[in-house]
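Student: Next come the chains, spelled out residue by residue.
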Amino acid sequence: MIKTTNLSKKYSSKEVLNISTLEIPKGQSFGLVGNNGAGKTTYFSLLLDLIQPTTGQIENNGVVVNTSEDWKPFTSAFIDESFLIGYLTPEEYFYFIGDLRGQNKQDVDNLLAQFEDFFHGEILNQKKYLRDLSKGNQKKAGIVAALIGNPEVIILDEPFANLDPTTQIRLKQIIKDLAEKQGVTVLVSSHDLLHVTDVCERIVVLEKGQIVKDIKTSEATLKELEAHFSGTAEV
Amino acid sequence: MISKFISLEWKQFFRSASFGKSLALKILMGFFALYFIVTFLALGVSLYPGLKKAFPDQDPFIIVNKAIFYWVLMELLIRFFFQKLPVMSVKPLLTLPIKRNTVVNYVLGKSALSFFNFLPLFATIPFSIVLAFEGYSKSVVITWVIAMVLISLISNFLNFIIESVSSETELSYLPIIVVAGGLFALNYFEIVDISGLLSTAILAIANHPIYLLILLAILGVCYWFNFKILRQKLYLDHSLKAKVKEVNTSNLGWTKNFGDIAPFMQLDLRLIWRNKRPKSSVFILVVGLLYGLFFYPNPQFQDSPMIFGFVGIFVTGIFLINFGQFIPAWDSGYYKMLMSQNIKYEQYLKSKYTLMILSVIIMFVLSIPYVYFGWKILAAHFAAAIYNIGVNSYVIMLGGSFNRKKIDLNQRAAFNYQGTGAVQWIIGIPLLILPAAIFGLTSFFINFQVGLFALAFLGLIGIVFHQKLMKLITQKYLDSKYKMIDAFSQDN
Numbered sequence: 001m002i003k004t005t006n007l008s009k010k011y012s013s014k015e016v017l018n019i020s021t022l023e024i025p026k027g028q029s030f031g032l033v034g035n036n037g038a039g040k041t042t043y044f045s046l047l048l049d050l051i052q053p054t055t056g057q058i059e060n061n062g063v064v065v066n067t068s069e070d071w072k073p074f075t076s077a078f079i080d081e082s083f084l085i086g087y088l089t090p091e092e093y094f095y096f097i098g099d100l101r102g103q104n105k106q107d108v109d110n111l112l113a114q115f116e117d118f119f120h121g122e123i124l125n126q127k128k129y130l131r132d133l134s135k136g137n138q139k140k141a142g143i144v145a146a147l148i149g150n151p152e153v154i155i156l157d158e159p160f161a162n163l164d165p166t167t168q169i170r171l172k173q174i175i176k177d178l179a180e181k182q183g184v185t186v187l188v189s190s191h192d193l194l195h196v197t198d199v200c201e202r203i204v205v206l207e208k209g210q211i212v213k214d215i216k217t218s219e220a221t222l223k224e225l226e227a228h229f230s231g232t233a234e235v
Numbered sequence: 001m002i003s004k005f006i007s008l009e010w011k012q013f014f015r016s017a018s019f020g021k022s023l024a025l026k027i028l029m030g031f032f033a034l035y036f037i038v039t040f041l042a043l044g045v046s047l048y049p050g051l052k053k054a055f056p057d058q059d060p061f062i063i064v065n066k067a068i069f070y071w072v073l074m075e076l077l078i079r080f081f082f083q084k085l086p087v088m089s090v091k092p093l094l095t096l097p098i099k100r101n102t103v104v105n106y107v108l109g110k111s112a113l114s115f116f117n118f119l120p121l122f123a124t125i126p127f128s129i130v131l132a133f134e135g136y137s138k139s140v141v142i143t144w145v146i147a148m149v150l151i152s153l154i155s156n157f158l159n160f161i162i163e164s165v166s167s168e169t170e171l172s173y174l175p176i177i178v179v180a181g182g183l184f185a186l187n188y189f190e191i192v193d194i195s196g197l198l199s200t201a202i203l204a205i206a207n208h209p210i211y212l213l214i215l216l217a218i219l220g221v222c223y224w225f226n227f228k229i230l231r232q233k234l235y236l237d238h239s240l241k242a243k244v245k246e247v248n249t250s251n252l253g254w255t256k257n258f259g260d261i262a263p264f265m266q267l268d269l270r271l272i273w274r275n276k277r278p279k280s281s282v283f284i285l286v287v288g289l290l291y292g293l294f295f296y297p298n299p300q301f302q303d304s305p306m307i308f309g310f311v312g313i314f315v316t317g318i319f320l321i322n323f324g325q326f327i328p329a330w331d332s333g334y335y336k337m338l339m340s341q342n343i344k345y346e347q348y349l350k351s352k353y354t355l356m357i358l359s360v361i362i363m364f365v366l367s368i369p370y371v372y373f374g375w376k377i378l379a380a381h382f383a384a385a386i387y388n389i390g391v392n393s394y395v396i397m398l399g400g401s402f403n404r405k406k407i408d409l410n411q412r413a414a415f416n417y418q419g420t421g422a423v424q425w426i427i428g429i430p431l432l433i434l435p436a437a438i439f440g441l442t443s444f445f446i447n448f449q450v451g452l453f454a455l456a457f458l459g460l461i462g463i464v465f466h467q468k469l470m471k472l473i474t475q476k477y478l479d480s481k482y483k484m485i486d487a488f489s490q491d492n
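Read top to bottom, the protein sequences are chains A and B.
Mapping the first sequence onto the numbering used here, position 197 (from 1) lands on 197, and the numbers just tick up by one.
Mapping the second sequence onto the numbering used here, position 449 (from 1) lands on 449, and the numbers just tick up by one.
So that you can see chain A by itself, here it is in the shape it has in the complex (with noise of 0.2 Å):
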């Protein structure tokens, strides 16, 4: 589904990111975990096509994204609190999401009913913008809204961030279902190895840019990435 070749991204002289191949295929639930500065977010905006790539490319669903636009109605994202639109209530906002990806309000009310739990009661009929609503329900609604219109592919940027233990593992069963059921490739990046171990059937650890561990998840794997970032030697 992607697919990243020689890809890399330089500011000035300095490189940020180096990843000469990657391959994620349809259905995978795929984390990328690494330090600060690592390459995540570079990573993500690259798949976004909101920065441009020094050298390479990345294919999605064969499309090359920094030439063409078509990924973008399979595609969807949130990445921060800048993805959303402050002064709109979470409905107004799902709506114009619905607009943008070709859903009717019909449609978007369904989606919406099936995360009732998720919400909690205290995203929907809040009449309150989006603006006045706390880190953790700012969060809720931009990945709920990342899920309309049935996208292929979904990227989450530090998704567990900010969000309650309540939350946290109802979101994690969420992305587990994606993937499973309906064959949507999520990709989600995180600080939090004992999350993405759970959710990501394939991790893959940045290093200062660089792939430096790619990992199908087993029992072990939580192990190995404790040990590799407290670091002691690897065995």
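Quick caveat, the hints were computed from the structure, so don't treat them as lab data.
Please note: incorrect hints may appear among the correct ones.
In the DSS-like style, the derived pairs of lysine-lysine whose C-alpha atoms are separated by at most 30 Å in a straight line are [said to hold, decoys possible]:
hint, chain 1, residue 1, chain 2, residue 2
1, B, Lys481, A, Lys14
2, A, Lys127, B, Lys406
3, A, Lys14, B, Lys344
4, A, Lys208, B, Lys483
5, B, Lys233, A, Lys135
6, B, Lys279, A, Lys127
7, B, Lys406, A, Lys10
8, A, Lys208, B, Lys481
9, A, Lys216, B, Lys138
10, A, Lys128, B, Lys99
11, A, Lys105, A, Lys127
12, B, Lys376, B, Lys276
13, B, Lys276, A, Lys127
14, B, Lys53, A, Lys135
15, A, Lys135, B, Lys99
On the provided structure of chain A, position chain B as indicated by the hints.
Tutor: Same frame as chain A, now just chain B:
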């Protein structure tokens, strides 16, 4: 501490993404400042001999003092529209060991150094030197200058009080219009002879320097009031305070008539109605509409139809200029999201275009009553409206593709009342002056009808090439996509 603040602001200016643009504007404003300085100097030097010549039997000093009331009113109005309290991002400072009072005093102190406070000096000092040469007592003259400085400072701080009041209410321009209009009316209809009283007061002060203390006290009160307002704003809960007010939503179903641009139209309408800054560009419509009244009732302008073109462009295009120049910065807060969505840039721009065109048409219709002052005015407004639709709308959208400055709609900058200063008006100049010049020159050298035709013709060319122009503009936006995303994700 103050030196640290200054260095912070210095860095903010030089490291900002819109640095080039800000610098160019600063230079342009420098020229304007120079122009005003020269004008005021000339006024100061020539005032005494001029008045002596015009009114040989009166004391020029007294005449000037009588005019001070009008000057103060003018000053208040000009300050309200052009002078803003210096903006400072205070949130990072709140948890640091800096006294809140220091921050407030710094911001207020900085405002005292504003150009607006120095400008009158360029007139008052030469005038007072002439007075001294003409034999007025030196102590009177010096006291008078000090009094003028104090009056300037009082109106400086009074203006910020008015601005803060008007930013609290929904009717952004009402307070200043009520205050200035009320004072003017009281004086004009001789209910209270304010200009006479003020002139007597200033003369009394000039003769008895001890009365300067009264002005100082007024200044002190104004400063203290500002201090209180600002200090209160320095608590986060002031901006974080949950707005209990329930929002009323409407689904704006009628926009569906506009077809595929409907989602963006809805977004733009909500943008305008729910945020203070764009909302003020709606209230400015009223100001724009009344603008013609400055000119048309005056018989002097009746005979010079050249001016009609300028007024017409201004009246019909005021929303276009005010709203249009911040495309696409209005959407800067969520620009990244828009760019990753399945949208056509053309639809996005078309929505803004439609909105601006609608405003031009509405303004033209509302300005039809000016026909009372002559059919020529109506004709000129019509030609100007076509020009606005066919030329200015494209120019302003094209200009938008060079826009690199983020607008924070959520108004986190605690001291940012309206965020529209002198800069905003400068951008409007080429949009106003060029058509006014075209119309003025053709109607002056050839005749009025040709002037009308020239404006309308240019506008029609634009309308005919609508598709082509939109394509060109869309391409421009696409070309600068990455630069805009980068600039809009910076905070300053």
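Student: Are the hints correct? Go through all of them and say.
Tutor: A quick look at each hint next to the structure:
Taking the CA atoms of lysine 481 (chain B) and lysine 14 (chain A), the gap is near 23 Å; set against the 30 Å cutoff, the hint holds. Among the hinted pairs, lysine 127 (chain A) with lysine 406 (chain B) is consistent with the structure: their alpha-carbon atoms are about 27 Å apart, no more than 30 Å. Only pairs whose Cα atoms come within 30 Å are accepted, and lysine 14 (chain A) paired with lysine 344 (chain B) is rejected, the gap being roughly 34 Å. Between lysine 208 (chain A) and lysine 483 (chain B) the alpha-carbon distance is near 24 Å, which keeps this suggested pair within the 30 Å criterion.
Taking the CA atoms of lysine 233 (chain B) and lysine 135 (chain A), the gap is about 22 Å. The hint holds against a cut of 30 Å. Among the hinted pairs, lysine 279 (chain B) with lysine 127 (chain A) is consistent with the structure: their alpha-carbon atoms are about 21 Å apart, no more than 30 Å. Note on lysine 406 (chain B) and lysine 10 (chain A): the hinted pairing holds, with a Cα-Cα distance of about 25 Å set against a maximum of 30 Å. The suggested pairing of lysine 208 (chain A) with lysine 481 (chain B) holds, with an alpha-carbon distance near 27 Å, which does not exceed 30 Å.
Between lysine 216 (chain A) and lysine 138 (chain B) the CA atoms are separated by roughly 91 Å; this puts the pair beyond 30 Å, and the hint is violated. Simply put, lysine 128 (chain A) and lysine 99 (chain B) have alpha-carbon atoms about 34 Å apart, too far for the 30 Å limit, and the pair is violated. Taking the CA atoms of lysine 105 (chain A) and lysine 127 (chain A), the gap is about 18 Å. The hint holds against a cut of 30 Å. Annotation: proposed proximity of lysine 376 (chain B) to lysine 276 (chain B) is violated, straight-line Cα distance about 37 Å (limit 30 Å).
Our distance criterion of 30 Å between C-alpha atoms is met by lysine 276 (chain B) and lysine 127 (chain A), whose separation comes to about 19 Å. Between lysine 53 (chain B) and lysine 135 (chain A) the alpha-carbon distance is near 70 Å, which puts this suggested pair outside the 30 Å criterion. As the CA atoms of lysine 135 (chain A) and lysine 99 (chain B) are separated by approximately 29 Å, the hinted pair is consistent with the 30 Å bound.
Hints 3, 9, 10, 12 and 14 from the list above are not met by this structure, while the remaining hints are.
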